[in-house]
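Undergrad: Using the sequences provided together with the hints, build the complete structure.
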Amino acid sequence: MVESKEPPVKHQIVVEALSHTYRPARGREVLALEEVSLAIAPREFVALLGPSGCGKSTLLYLIGGFLPVERGAIRIEGAPVAGPGPDRGIVFQHFALFPWRTVRANVRYGLEKLALAREEQERRAQAFIELVGLTGFEESYPSQLSGGMKQRAALARTLAVDPKMLLMDEPFGALDAQTRSLMQAELYAIWQRTPKTVLFVTHDVQEAVRLAQRVVVMSARPGKIKATVDIALDRADPHIYRSPAFAEKVDEIWNLVRDEAIKAQ
Amino acid sequence: MKYLPLLLLALVWEAVVQLGLVSRDLLPSLTDVARAGWKLLREGELWQNGAASLYRGGAGLAAAIVVGAALGIAMAWWRAVDAFMGPLVEALYPMPKSALIPVTVLWLGFGDGSKILLIFLGCMLPVTLGAYNGTRSCEQALVWSARSLGAGRLRVLWDVVLPAALPEIANGVRTALALTFVLLVSSELIVARAGLGYLIGFLGEGGVYDAMFAVVLVVAFLGFFADRLYQRLVGRLLAWRA
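Heads up: the protein sequence lines correspond to chains A and L, in order. Residue numbers 1 to 265, in the numbering used here, belong to the letters of the first sequence in order. Residue numbers 1 to 242, in the numbering used here, belong to the letters of the second sequence in order.
FYI, nobody ran anything at the bench for these hints, they're computed from the structure. Accuracy of the hints is not assured; some may be wrong.
Said to hold, decoys possible - The calculated lysine to any residue pairs, modelled on SDA-like cross-linking and capped at a C-alpha distance of 25 Å, are: (1) Lys113(A) to His94(A); (2) Lys164(A) to Gly109(L); (3) Lys113(A) to Ala220(L).
Claimed, not checked - Short derived list, chain L residues pointing at chain A, Cβ under 10 Å: (4) Trp144; (5) Arg147; (6) Ser148; (7) Arg155; (8) Pro163; (9) Gly223.
Where is the CB? At the ideal position from N, CA and C, for every residue including glycine.
TA: Below, the structure is given as structure tokens:
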């Protein structure tokens with residue numbers, strides 16, 4: 001037997017020359033992703049930015065293991081992706097809460113799959129409900145919650161199983177501006193407290209600059225990586241969003257995205 | 001208050017008979033019907049035949065719900081199952097199920113078995129259709145969420161797809177419930193030795209019309225009551241819908 005001499009895993013998520021064709025039931029095939037390569041380190045916060053239809057969500061779903069890899073490769077901690085798993089938590093734009101379960105039961109769902117003792121399930125569910133500020137709404141059904149509260153519940157459900165990676169598909173895209181800003185701050189705080197890799201899909205430039213350490217800008221049809229921009233801002237500064245450095249980054253990225261947005265129309 | 005028109009109808013019924021506007025041979029008075037019904041109840045005939053009907057209807061409907069829902073979900077979930085079963089379901093759906101009465105009798109005889117089979121076959125497809133549509137309407141993101149939270153491929157069907165399809169399945173079951181009464185009574189009328197339908201036929205042939213009308217009213221009331229009970233049950237089961 002030859003001992004494997006793989007180098008220690010430096011990147012947690014590695015995407016190599018990935019292409020993906022979208023085949024609608026009717027109509028023409030669309031090349032959604034073409035030759036996309038990307039490497040993300042543990043604990044890194046990366047934003048995937050691009051106009052609608054640039055394949056950024058498709059890339060997220062492929063990494064999540066929800067769609068089969070056709071050409072190219074995706075490796076998670078060295079191993080090829082083979083379906084979804086609790087190491088990669090997902091948060092969707094429209095929350096995807098189980099409408100027949102209460103907030104508590106939604107948050108408990110993943111814990112049930114971990115075969116934990118019932119008291120431990122309840123204890124952890126309660127802890128994450130408190131973390132996202134939903135105390136008092138444990139017995140509410142999703143239909144009784146506002147959009148922001150739904151997304152808090154969905155976030156708690158995903159965080160409860162302690163995934164190493166957090167895949168977020170325009171998670172705040174369905175929220176009003178104020179709620180969105182609050183949720184961004186909370187997500188950032190949670191990310192600072194818990195060691196997680198975050199891959200965050202958005203089409204909002206400000207949101208990407210505000211949250212991510214690195215912004216990956218994608219172009220549309222076919223979806224390709226157009227540029228990668230590092231964001232080195234001091235986020236401890238509460239007024240960072242009014243600083244010239246922040247505005248500069250937003251400008252820089254907006255200039256990259258503008259052509260694509262126009263093309264995508 | 002809502003049922004005031006029913007009370008009015010009962011009064012009109014009694015009046016037209018008492019005033020001699022309608023022959024008692026065609027329509028016995030409501031009071032005679034009530035008296036005959038009371039007698040049937042006391043002598044146990046109503047209980048005996050009612051129990052036989054309830055057993056057949058309950059068993060047939062239960063089988064139709066379980067198999068119908070499973071089939072509908074399977075068809076919507078696996079393309080191969082749809083390709084094979086889809087055309088069969090489509091072809092059989094519009095068939096008048098009462099045409100199966102002689103067939104099930106030929107296979108299983110005059111007893112409970114033929115009635116249960118008939119109700120099962122007749123009531124399955126509305127449930128199948130509901131389960132199929134309900135499964136189709138299940139959001140992809142719900143299934144993916146469950147998978148990423150650790151649910152296996154098949155587990156998702158039970159945890160996510162079935163509850164998501166439940167409102168549509170419930171509509172299918174309501175149709176099936178009404179069909180159960182139709183098929184039960186008509187099959188018992190034609191070939192049976194027990195059951196409420198049999199009792200109606202037996203009393204009718206014997207010319208005991210007030211008793212016959214009493215059983216007809218009992219069947220009508222049971223159908224109404226079953227639907228009411230079912231609606232309440234579904235309301236509780238699907239309380240999560242806003």
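Undergrad: State for each hint whether it applies.
TA: Against the structure, the hints:
1. Lys113(A) to His94(A): With Cα atoms ~23 Å apart, Lys113(A) and His94(A) stay inside 25 Å; holds.
2. Lys164(A) to Gly109(L): 64 Å, violated
3. Lys113(A) to Ala220(L): Since the Cα atoms of Lys113(A) and Ala220(L) sit roughly 48 Å apart, the hinted pair is violated (cutoff 25 Å).
4. Trp144: 5 Å, holds
5. Arg147: 4 Å, holds
6. Ser148: Result: holds, 4 Å to nearest chain A Cβ.
7. Arg155: 8 Å, holds
8. Pro163: 5 Å, holds
9. Gly223: 29 Å, violated
Checked against the numbered hints given earlier, this structure breaks hints 2, 3 and 9; the rest are met.
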